[in-house]
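Novice: One point on numbering: in my numbering, the residue at position 307 of the sequence shown is 307, and numbering is uninterrupted.
If you're looking for bench data, these hints aren't it; they were derived computationally from the structure.
Relax, there's no trap hidden among the hints.
What follows is a set of in silico ranges between Cβ atoms, one per label pair, in the way DEER data are often shown:
hint : residue 1 : residue 2 : range
1    : Gln198    : Gln54     : 31 to 41 Å
2    : Glu227    : Glu123    : 36 to 46 Å
3    : Leu294    : Gln27     : 14 to 24 Å
4    : Lys97     : Gly8      : 31 to 41 Å
5    : Glu239    : Phe28     : 17 to 27 Å
6    : Phe28     : Gln283    : 20 to 30 Å
Please read all numbers here as calculations on a predicted model, not as lab measurements.
Idealized CB from N, CA, C, for every residue including glycine.
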Amino acid sequence: LKSRYDAGEMPSLENIPAPRYDLAEKQFAAPVVTEASRGCPHACTYCQLNIRRQPYRTRPIADVIRDLRSTGRLPWHKRKMAMVLDNNLGGNLAYTKALLREIARLKFWGIGFQFSIECLRDEEFVELLAEARCRMAFIGMESLNQASLAGVQKRQNKVEEYREAFEKLARRGILSFTGLMFALEEDTPAYYDTLPEQLEHIGTSVILPSISIPIYGTPWYHQVAAEGRICDNDLSHYEGDHLVFRHRHLSPGEIFAAYRRVNRIFYSWKNIFKRWFRFMGKQSRRESRSEYLLKLFILTFIYFKLSIFQRHHAQQRIFPELETRQPGDSPAPREEAFHPVGWLGAGG
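Whole structure, please, built from the sequences with the hints as guidance.
Specialist: Pasting the structure below:
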């Protein structure tokens with residue numbers, strides 16, 4: 001065995017066989033999932049795509065459309081929802097716009113995409129999302145602190161543009177589902193104190209909170225490791241639920257307290273319904289009455305499914321106790337390293 005295997009040339013994205021969606025587990029509400037591209041043009045230092053930089057690559061549009069139509073063995077209603085789960089579908093907007101025009105012909109009830117937020121500066125792109133019946137967009141927002149974004153070279157994100165960007169989506173019946181990272185190096189207690197109010201202001205529909213992790217091999221990992229701040233080398237903990245390094249300014253207790261507080265406030269039942277009524281108030285009818293009612297039903301289904309899942313997931317997360325651990329310590333025994341977050345039902 002070798003300690004490292006290198007694939008050499010990247011494999012072609014052409015002639016990939018059609019997926020067998022009928023083999024997906026039956027409980028999946030939307031088993032129709034594919035990818036149109038690989039890679040990302042950005043250089044965020046925490047991202048695994050930057051372990052080894054590769055050019056942004058796209059699949060033939062005809063192949064992507066074939067994937068989305070390969071649903072004959074699925075129940076009828078599961079053929080009408082889909083996800084295109086690229087790392088960043090917006091890496092080549094000319095390609096993406098052509099793809100969206102073709103997807104619009106498929107007349108899904110709803111489809112979701114994942115792309116970086118600067119794509120929303122392009123009005124044609126936003127309109128094509130709506131025409132393709134996009135109902136949810138996942139965006140790597142990650143932080144509302146511009147200094148924290150600069151610290152990980154996420155220069156494409158401009159905090160002052162968030163509110164307008166999410167407003168564009170909401171007016172077109174598209175839910176914004178945004179990543180939110182805690183423990184970025186420039187985070188401060190003052191930032192965490194104002195975070196719930198900032199989230200309210202920008203108007204994102206759903207957040208996916210996580211603890212930032214210096215993934216092995218990334219530029220950020222090399223920086224943190226060189227400074228001797230890695231506390232946990234168990235790679236099974238590098239999944240966004242554990243704090244595996246020593247933050248420069250914040251204690252683990254401060255980070256976990258902020259995580260719990262933000263989730264408790266954002267995912268209180270009061271705020272879940274408040275965001276929903278606000279979002280629904282921005283909808284206007286562009287389609288027939290029956291299509292409009294179907295759109296509202298699909299949006300309701302997606303919004304509450306995501307919100308309830310994220311609420312419960314955040315409440316059930318577990319974190320390692322790092323208050324007394326030092327850089328270089330071996331990973332704590334599993335029975336000692338975890339404890340329940342402990343605010344089940346709080347803030348409801």
